[in-house]
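Trainee: These protein sequence lines map, in sequence, to chains A and B.
The opening residue of the first sequence carries number 1 in this note's numbering; numbering runs sequentially from there.
The opening residue of the second sequence carries number 1 in this note's numbering; numbering runs sequentially from there.
Hints are supplied without guarantee of correctness; some may be wrong.
Listed next, with one range per pair, are the computed distances between beta-carbon atoms [to be verified]:
| no. | chain 1 | residue 1 | chain 2 | residue 2 | range |
| --- | --- | --- | --- | --- | --- |
| 1 | A | D93 | B | P55 | 32 to 42 Å |
| 2 | A | N119 | B | S394 | 38 to 48 Å |
| 3 | B | E626 | A | S135 | 52 to 62 Å |
| 4 | A | D93 | B | S256 | 33 to 43 Å |
| 5 | A | V139 | B | I197 | 44 to 54 Å |
| 6 | B | I122 | A | G177 | 48 to 58 Å |
| 7 | A | S135 | B | Q630 | 38 to 48 Å |
Hints were generated in silico from the structure; no laboratory data involved.
If you're wondering where the values come from, they're calculated on a predicted model, not measured in any experiment.
Here a beta-carbon is modelled for each residue, glycine too, at the ideal position from N, C-alpha and C.
Next come the chains, spelled out residue by residue.
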Amino acid sequence: MTRSREITGIALLAVGFVFVGYGLFIPAKAVLAQVLLERAWIAAPKDGKAPKPWPWADTKPIARIKVGDLDVSEIILAGAHGRSLPFGPGHVDGTSEPGRPGHSVIAAHRDTHFSFLENIKIGMAVSVELPGGKSSSYVVVDMRVLDARSETIVIDHTTNMLSLVTCYPFNDWNPGGPMRYVVTAVSV
Amino acid sequence: MRRNHINLFLFLNAIALLLSLLVTSVTMAGPAVPSQMMDKGGLFLPGDEAGMVEPAPLLHTDIKVSVSGPIVRYRMRHTFINSSNTWTEAIYTYPLPTDSAVDTLEMTVGKRKIIGRITEKIKAQRQFVAAKKAGKRASLVQQHRPNLFSTSLANIAPGEHITVEIGFSETLRLVDDGFRLRMPLVVGPRYIPGQPIAGFKMSGWHTPTDLVPDAELITPPLRSEGEGVGNPVTLSIDIDAGFDMDAIESPSHKISIVRNGDAKASISLVEAVPADKDFILVWRAKVGAAPSAGFFSERIEDMRYSLLTLTPPIQQKLNTPAPPREVVFIVDTSGSMEGTSIEQAKLAIGMALERLRPSDTFRIVRFSSDVSSFQMQALSATPANINLGKQFVSSLLAEGGTEIVAAMGHVMSQRRDKNRLTQIVLITDGAVGNEDALFALIHDQIRSSRLFTVGIGSAPNGYLMTRAAAAGRGTYTFIEDADEVSRQMAKLFEKLERPAMTNILLEWQGNSAPVLYWPNPVTDLYNGEPISVLAAMPDGTNGVTVSGQIGGKLWSTSIALGGAQDRPGIAALWARQKIKSLEATLFHGDDPKLVKEKILETALKFNLVSRYTSLLAIDEKKARTESEKQVAHKIATNFPDGWVRPENSRSIKNGQHLIKSFDREDPSLKIAMRGAASQLYGLPQTATVGPLSVILGLFALFASWFIWGRREEQL
């Protein structure tokens, strides 16, 4: 009886540590990855080719997004999927590349890289830098909440713009919620 | 021991809590990398890239046109001026009248003239690149669409100017006793549907996509608003109408006219104009002066290449009752229509609705990034319903993409009333890059319906208008400005209301050798449209009988083919028509390889630029040494007159148009969506399990503490 209780207690203790550890590892990894990406970015040759941030990386940095007002500077990765999003904001395949003409969609986790979207305001300047140093400026024109079950973003390549997408609400504990927060910035 | 356990437990828990608080604060504060670090990276200093600031070469266009009856010959000179300090390659993308037969290229460098040769497209590209790398001056003229071409010019020395001249021909149709010449001057920015293909370098403003693999070739860069308009054009036209002319006018530009007798005139632009809209010139015959038939030919060896035109009796004089009709309006409400275009479109539909008879029915479908209908069912054209339709149309806003294939697919999938003739009226500027997909869809699904296209705005895509109408066995109309809406729509409606001339057959006489003529079969003709056929006639052909059916009645006429007027260039026009007809067979399921071979053979024989052949001129004299760098520039095109720049668009400013609601269960929408590839279905899941994991972990830890605590009590 006490033995089984002890085992349960130890098991719960272990499980607790694993979960807490894992839960802490995710943001820690997110922060560390950006440091590594930052190094890879700075060390990048000027020919515009994207370097690999770590030897086994299966994504690559493609641009840097900055929001001066919020002191944000993050490296955007190719693809918005499970292999890129833990490490940085991901460019959604099939939309224009950030900083290039057309409509670009970038997604990131609300509780790590895109937590700053909660504080973004209309009129704030967003800039995107490409390898090689070319920079494009955008200005935030719209923020809104979408229900991903019934709404989506229309990709409009006639305008040079960014859509920054993250989950909503920001402080929800449930990672599978249907709501999305979409920030739109148009090229200026 | 027990105490220690609990203490240890509390200690660890406290650490865990602290850590999670810390992490939360870190993530809230954004990334840990200080932004100062990045500014000191030293990578992004402005002006770092040498050569990036070199000014693009300047371009001047001069067009000389000579009109002889229905045959028009153009000489277009592009003068490229390199005002920079580096060697430059210039690439200019420009429109030409649809199905122009481009057959000559001449590059002038100082006093030397280099004549271009017709070469298979891929070989020409390779030779051009080789010459460019070798430092030789070279120019290459390529076709990207039958109305969209580009000229590349390599190795322009600093301060130098080089002229590239191309020659091309087209035929005009005598409609309503007059000719209408349309010389497009600017490629409007087009909507490119589909998913970008990875791994391509971007050279246009759009990357290639799965649906438009050559997107970068048809999307030349645009001049920004701050740069203003550029690319000046001068233009002059000599007309030999072949009949006594009444009025000569240009609805698009200011012109000066010098008349030389009744049948001849010299026309020129009053001043150089920016290349930002189509140039249009209209000349009409005096009452009774228009010829009802024309016969022009060019002899090459034992073949007479001929242009034969014949105006059948005007159908309205035949008292045939029109069948009951269902008219489906498809109106483009994409971003490129914003400004004057959408206003003209609204006016046009309003007038069209007014002209419907109560026995007719109508539907209205609008499309941009999505497709929606005025009513699910066709409504009968009662005054009340027409008013509702007008209200719907007047509420339309132009914004978003141009999913024209989705819209057409939606209309084609709707049930059509078997007792009525379905006439689809497509109102658009045609600013898309996937024309062929639209033609194939129309060809496959038009069945007994008929499609009429109405080209709107200052720079409509003529290729889309004419070929879509041909695939839909209807006809096309262009509306240049608001003043023309009523006149042109009235004419279109005369065509819709009268029976078409169908089953047109040509029977040649006098020779056993077959006469190859295009288009073949001759397309249906609508009110007032002439039969216009290009034929290669062997010696001895001396007559033709033309027959057709109008509203069930037979009509036929015989013409003796003697005394043709000699006109050079008809052979090339014949070959171009042949290529056009060959291209159309692709939609009938002909083997693309075989079609390519046939087109290639024809184009090479007649020196024509086509989808498989280009004109290439290389100056063998080496100009640039290996040590000197060359910078390539795509020459920016103007924003078309009357269009609204996306950044000035009302809808962009409030971001509203970016969000689209959809009902996943709506079947018509599903069809529409199949074509609407450039829409995101489902946004990525963007929350980590981090917070949840921490919460669960803490929960487990407290549970564990609870159990251990209980044990302590028991002891």
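Trainee: A separate judgement is required for each hint: does it hold in the structure or not?
Mentor: Tested hints:
1. A/D93 to B/P55: 32 to 42 Å: holds, 36 Å
2. A/N119 to B/S394: 38 to 48 Å: Holds, at about 42 Å.
3. B/E626 to A/S135: 52 to 62 Å: violated, 33 Å
4. A/D93 to B/S256: 33 to 43 Å: violated, 55 Å
5. A/V139 to B/I197: 44 to 54 Å: Roughly 30 Å apart at Cβ, these two residues miss the hinted range, so it is violated.
6. B/I122 to A/G177: 48 to 58 Å: Holds, at about 53 Å.
7. A/S135 to B/Q630: 38 to 48 Å: violated, 26 Å
Against the hints set out earlier in the document, violations occur for numbers 3, 4, 5, 7.
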